[in-house]
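Visitor: Same order as they appear, the protein sequences are chains A and B.
Just add 51 to the spot in the first sequence (first one is 1) and you have this note's numbering.
Just add 205 to the spot in the second sequence (first one is 1) and you have this note's numbering.
Just so you know, the hints here were simulated from the structure itself, not pulled from any lab data.
From a predicted model like this one, the values you see are computed outputs, not experimental measurements.
Warning: the hint list may mix true and false statements.
Each computed PhoX-like pair below joins lysine-lysine, with the alpha-carbon atoms no more than 20 angstroms apart [to be verified]: (1) 532/B / 467/A; (2) 411/B / 477/B; (3) 488/B / 532/B; (4) 527/B / 250/A; (5) 297/A / 411/B; (6) 470/A / 527/B; (7) 240/B / 192/A; (8) 423/A / 607/B; (9) 250/A / 564/B; (10) 394/A / 532/B; (11) 532/B / 470/A; (12) 333/B / 371/B; (13) 488/B / 297/A; (14) 532/B / 250/A; (15) 230/A / 457/A; (16) 1001/B / 1047/B; (17) 423/A / 564/B; (18) 297/A / 487/B.
Interface residues of chain A toward chain B, partial, derived using beta-carbon atoms under 10 angstroms [stated by the list, open to error]: (19) 134; (20) 135; (21) 287.
Quick partial rundown of chain A residues pointing at chain B, CB under 7 angstroms, derived from the structure [as the list claims (entries may be wrong)]: (22) 104; (23) 175; (24) 233; (25) 260; (26) 262; (27) 296.
We put the beta carbon where it would ideally sit given N, CA and C, even for glycine.
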Amino acid sequence: MLAAAKMIHSLFLVNASGDIFLEKHWKSVVSRSVCDYFFEALERATEPENVPPVIPTPHHFLINVLRHRIYFVAVIQSEVPPLFVIEFLHRVVDTFQDYFGVCSEAAIKDNVVVVYELLEEMLDNGFPLATESNILKELIKPPTILRTVVNTITGSTNVGEQLPTGQLSVVPWRRTGVKYTNNEAYFDVVEEIDAIIDKSGSTITAEIQGVIDACVKLTGMPDLTLSFMNPRLLDDVSFHPCVRFKRWEAERILSFIPPDGNFRLLSYHVSSQNLVAIPVYVKHNISFREGSSQGRFELTLGPKQTMGKAVESVLVSSQLPRGVLNANLSPSQGTYTFDPVTKLLSWDVGKINPQKLPSLKGSVSLQTGASKPDENPTINIQFKIQQLAISGLKVNRLDMYGEKYKPFKGIKYMTKAGKFQVRT
Amino acid sequence: MTDSKYFTTTKKGEIFELKAELNSDKKEKKKEAVKKVIASMTVGKDVSALFPDVVNCMQTDNLELKKLVYLYLMNYAKSQPDMAIMAVNTFVKDCEDPNPLIRALAVRTMGCIRVDKITEYLCEPLRKCLKDEDPYVRKTAAVCVAKLHDINAQLVEDQGFLDTLKDLISDSNPMVVANAVAALSEIAESHPNSNLLDLNPQTINKLLTALNECTEWGQIFILDCLANYMPRDDRESQSICERVTPRLSHANSAVVLSAVKVLMKFMEMLPKDLDYYGTLLKKLAPPLVTLLSAEPELQYVALRNINLIVQKRPEILKHEMKVFFVKYNDPIYVKLEKLDIMIRLASQANIAQVLAELKEYATEVDVDFVRKAVRAIGRCAIKVEQSAERCVSTLLDLIQTKVNYVVQEAIVVIKDIFRKYPNKYESVIATLCENLDSLDEPEARAAMIWIVGEYAERIDNADELLESFLEGFHDESTQVQLQLLTAIVKLFLKKPTETQELVQQVLSLATQDSDNPDLRDRGYIYWRLLSTDPVAAKEVVLAEKPLISEETDLIEPTLLEELICHIGTLASVYHKPPSAFVEGSRGVQHKRIPARAGSGESAESSDVGQSGPSEAPPAVIPSQGDLLGDLLNLDLAPPTATVPSVQPSMQMGAMDLLGGGLDSLLGGDIGGSPSMGAGLGVAPAAMPTALGIAPAVGGVGMPTGSYVAPKTVWLPAMKAKGLEISGTFARRGGIIQMDLTLTNKAMSVMTDFAIQFNRNSFGLAPAGPLQVLTPLSPNQTIDVSLPLSTSGPVMKMEPLNNLQVAVKNNIDVFYFSCQYPLSLIFVEDGKMERQVFLATWKDIPNDNEAQFQIKDIHLNSDAASNKLQGSNIFTIAKRTVEGQDMLYQSVKLTNGIWVLAEMRIQTGNPNYTLSIKCRAPEVCQFVFLCYELVLKN
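If we strip away everything but chain A, and leave its shape as in the complex, we get:
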């Protein structure tokens, strides 16, 4: 009889060189040879990130995600929603990062027993058990140098003896008995612009992916409300489970009992219909002539709709055609590098000064005898704008109920480039 194994059967962690360095089985042991199918797919993929997320094998399905150069390969045996598995794997990655500071092979190997305890606690019979970092931390204490020392002296353990308070309450994301001497609540509004700009500089698509990340350290059971100057911008939102949806629907106010510590309160999406402002422009001239081994290369950047704020940390990168041998360019500011093997050009610009626009000019040489390249390189731009949410989203006020003390409050805004691409 075949086991009707619902949910996740096993997990394998595979490093960049293709070695399995950890395996965990929630049901019977699945031989690691099942990963051979994954390795085949890995071999076929031109780039590490091109491995298909779902790989069928004769008896199992392998669902994998690539994070921090580690493949998390989940083995499932029957019909399981793939998103369920992927979301769970993300949660595993987040938990590792939360516990060990980084999610790396070394960190995982260094903490292998904690990793094992965590995995056991996160999934029971393939059903997710405790995935909230608040709850996990009550069950299994994160390793710290101090605790290790204390444990060795006193003989106490990493494992909590008490049932985590949040596990079954109506607010499973928050533990009780939280105490701080400094009560503070900080919110970061971070917006990323994804855009495709065509050759002539007009916008093909542009959208904003925004998030509000919170760092809340408040004593007791605070009940917060957050209101916006222009809530109508938010028509496509995903909330943390703590947000009271009905109140949002009715009044467009975020009302919630926050988790303790860092969490993502909401993410939102402002789509192209709403006219997304494009903060930078690029003038480019990359041309090759038939029969010549030299090509011309000119890039100039300038600010566009920045609402008077400075565009900083600008980084331009572009994958030049395969036929390019080398680049001989001079930047008006910053530094550039060109990797002749990967053909990746990157230019660290820094801040854009509207009075003196940064430019990168010079020539690129083709391999001798190479014909004029067919493909046009795409230019990828990264930048940051402090103190600005490009969508115009503004927090109106933040209020706290349920507790008597006065907390420190703060809101920060930032705009970044997401996948910001200029075609040439």
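Given chain A, work out where chain B should sit, using these hints.
Guide: For chain B alone, coordinates are given in the frame of chain A:
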């Protein structure tokens, strides 16, 4: 100090050393040793030899040590069942511990130890834990029932755990409810008929309440469970939708997609003119778009599902084209999916934008992606007629780039464009011919050859071009060889004078020098056709071809409906029904969208399309390998070959055209493989005679359920060396019978009777031998009843109800054909649900509706309806409008096809109007004949 220290090995055996440490008196040392064991286990080392030593550490009040030992136990208990018993006592004790964490841990671990002997001891503690005062223990115990069921299903049933689990659905704690639902769903999967999750409005209400309060994972379980519920009416449907909609704003994408599944399914029940319906449609778009800004793996799953959603309800995302534009650093699997959806959303309104994007993609670096982009341009041309010209010119631009693989792809899609818009863009042929030499891929070569053959009369040097391919004939792939053969035959039929030599050459290459049976067969067929009847050859080979349609790459509707019910699952990622690939899916039930279950049973099996020839979608290109299609030289695959159901029956049928079908049925060669057909290997001159059977013999018997037509003579004595056969058909209580009268009009005794049918439209076949036990003396007559089954081989006949029969006796084999009334295959359970009827009626395109007049009937509507019922034509509803009775009726055929009818009877008017709708419109005519027959007798 980190855990990596546990990996250091000593020179002396590692196991030996660990053993010593595990048995140490010092607590701390023990714990460290267990940690080392666990560390070894994580990297896949076998430390099972330490089993007794580790288990000895179990009895401890140190929770961490206990957990570690449990971890170890779960891994190795199976390999050491006898040892594992040692642990039982501690488990039982821990289940009574005052700390709920320990109680839960114990019950959870016990369930993971897959050892029969232990499971027996588990029952009592589990029973207690299921009723524990602490919800944390209850929710853990709920999952444990599922684990136990997996190990020993009978035990779980005997102990009554399933009922306890059902009770937990009403638990006060939402997490307990969610886990109970999850456990029940898992158990139900291996118990398809158990009614475990008996959903009724009360339980649904409880689930919806729990939905708001449980964790994200619990929400997924509950939503997936809700998706299996059939609301009673549209109001309930709407209220569930309203309560599920807030889940669309959840941060967890799996919750969002499960909610989308519930909504997509239930909105089917809502009236389209309802305001709420429109609101819901609008609400679905943003969360789907948001999924596309997530990590690429999530995007991929989302895109596969969106692909289904846009096929089902294109209106949801019709304004969101831009979010599917490809970013150059998307992973390739995301790029390809986006491209596919772009084409599905392409319309006249956005085609300019789409084409500009596609042209951009065609200059990218990734070859696979570039190819798909070029193909996409072709698909746009076929989908959006107004854009065809622009697409063609874009393709020509791309051909000018001379990039080899771009040129080849472009030629393949231009061939498809010709198939869609014949005689419109032939001016580009000259440009295509210039690139002839650069084509090295079989598909491109085949496409080019097809074009040359198809337009041979306009290409001056067509013969030279084709001849140039002929030189390396045997090195070509089959695809190219077949195409070349057909193209040269076309050329010959168009320009017979100059090309006789060429056609002879290719025919001999195909028939004499090739080992490929397909190629040989086709060669023989052409040869025979050309040599016997060139006019017929022209009609066949140069026949007007059905237009290619964009529908070819759509998922077949019944499959699509099933997949919509499986949104978010692996099935939706692979676009295959769950039964097709999931191992151990004993319990996979075919899920249906409510209210649209109209296609009834035919849709319930995943192999729709094999059930009968009439399932073939009209005007869609036959799938590759279909010989009939090949004859019409339609064998090039459609743009993306996704016509899901290959039709083996059609292929078989085509073989029969070659004859031998009947011969092989009766002759001594019955043992031979039927698919080989008899005449396949022989030279054209030896064409067997089966084609010559005259279907004209015999009358048309038209009996009904109660009324059976008189027998008519099917085989006159003079044609059968003295044997006369007359007969009729009857359906009695669900059993189909062929009533025969055999008369011996010859001078000698007849013995050794046997009967066989040729393949026919509905798979009729004798269910037993022909019972003529005594020899038939001269002038003797005998009546025989032959029971028939409908499980025989299927082949579409012309007319549909034609049946070719062979009867053998000691003298010879005789062939005749007769026609049965279609009511013979109307099944007794053909009464459709009212609601299903309504939805199905709407769902079947109006093109499939056929209208008939039944004249001179003097019955009132009730009498008519009673009479029809006798022949399994069921009246579902009756409506009277202005003195006109409207009867709504349904009929189900043995192969699962439903026929829906509306009969209008005007008082005082002897002429009835009958409208028939069926997904397989070719049966309508025959159904009408049955109506007429039944009502007139």
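Visitor: Decide, hint by hint, whether the structure agrees.
Guide: Outcome of the hint check:
1. 532/B / 467/A: holds (17 angstroms)
2. 411/B / 477/B: This hinted pair is violated, its Cα atoms lying about 28 angstroms apart.
3. 488/B / 532/B: violated (26 angstroms)
4. 527/B / 250/A: The hint holds at about 17 angstroms.
5. 297/A / 411/B: Given pair residue 297/A, residue 411/B holds - Cα atoms ~19 angstroms apart, limit 20 angstroms.
6. 470/A / 527/B: holds (14 angstroms)
7. 240/B / 192/A: holds (16 angstroms)
8. 423/A / 607/B: holds (13 angstroms)
9. 250/A / 564/B: holds (13 angstroms)
10. 394/A / 532/B: holds (19 angstroms)
11. 532/B / 470/A: The given pair, whose Cα atoms are some 8 angstroms apart, holds under the 20 angstroms limit.
12. 333/B / 371/B: Answer holds: residue 333/B to residue 371/B is near 16 angstroms, not above 20 angstroms.
13. 488/B / 297/A: holds (16 angstroms)
14. 532/B / 250/A: Measuring from Cα to Cα gives roughly 15 angstroms; hence the hint holds.
15. 230/A / 457/A: This hinted pair holds, its Cα atoms lying about 14 angstroms apart.
16. 1001/B / 1047/B: Not satisfied, since the Cα-Cα distance of roughly 27 angstroms exceeds 20 angstroms.
17. 423/A / 564/B: Holds, at about 19 angstroms.
18. 297/A / 487/B: Answer holds: residue 297/A to residue 487/B is near 19 angstroms, not above 20 angstroms.
19. 134: Hint on residue 134/A: holds, closest Cβ of chain B at ~4 angstroms, below 10 angstroms.
20. 135: holds (4 angstroms)
21. 287: At 4 angstroms from the nearest chain B Cβ, residue 287/A passes the 10 angstroms test, so the hint holds.
22. 104: holds (4 angstroms)
23. 175: holds (6 angstroms)
24. 233: Violated, about 28 angstroms.
25. 260: holds (5 angstroms)
26. 262: With a minimum Cβ separation of about 10 angstroms from chain B (threshold 7 angstroms), the hint on residue 262/A is violated.
27. 296: Hint on residue 296/A: holds, closest Cβ of chain B at ~4 angstroms, below 7 angstroms.
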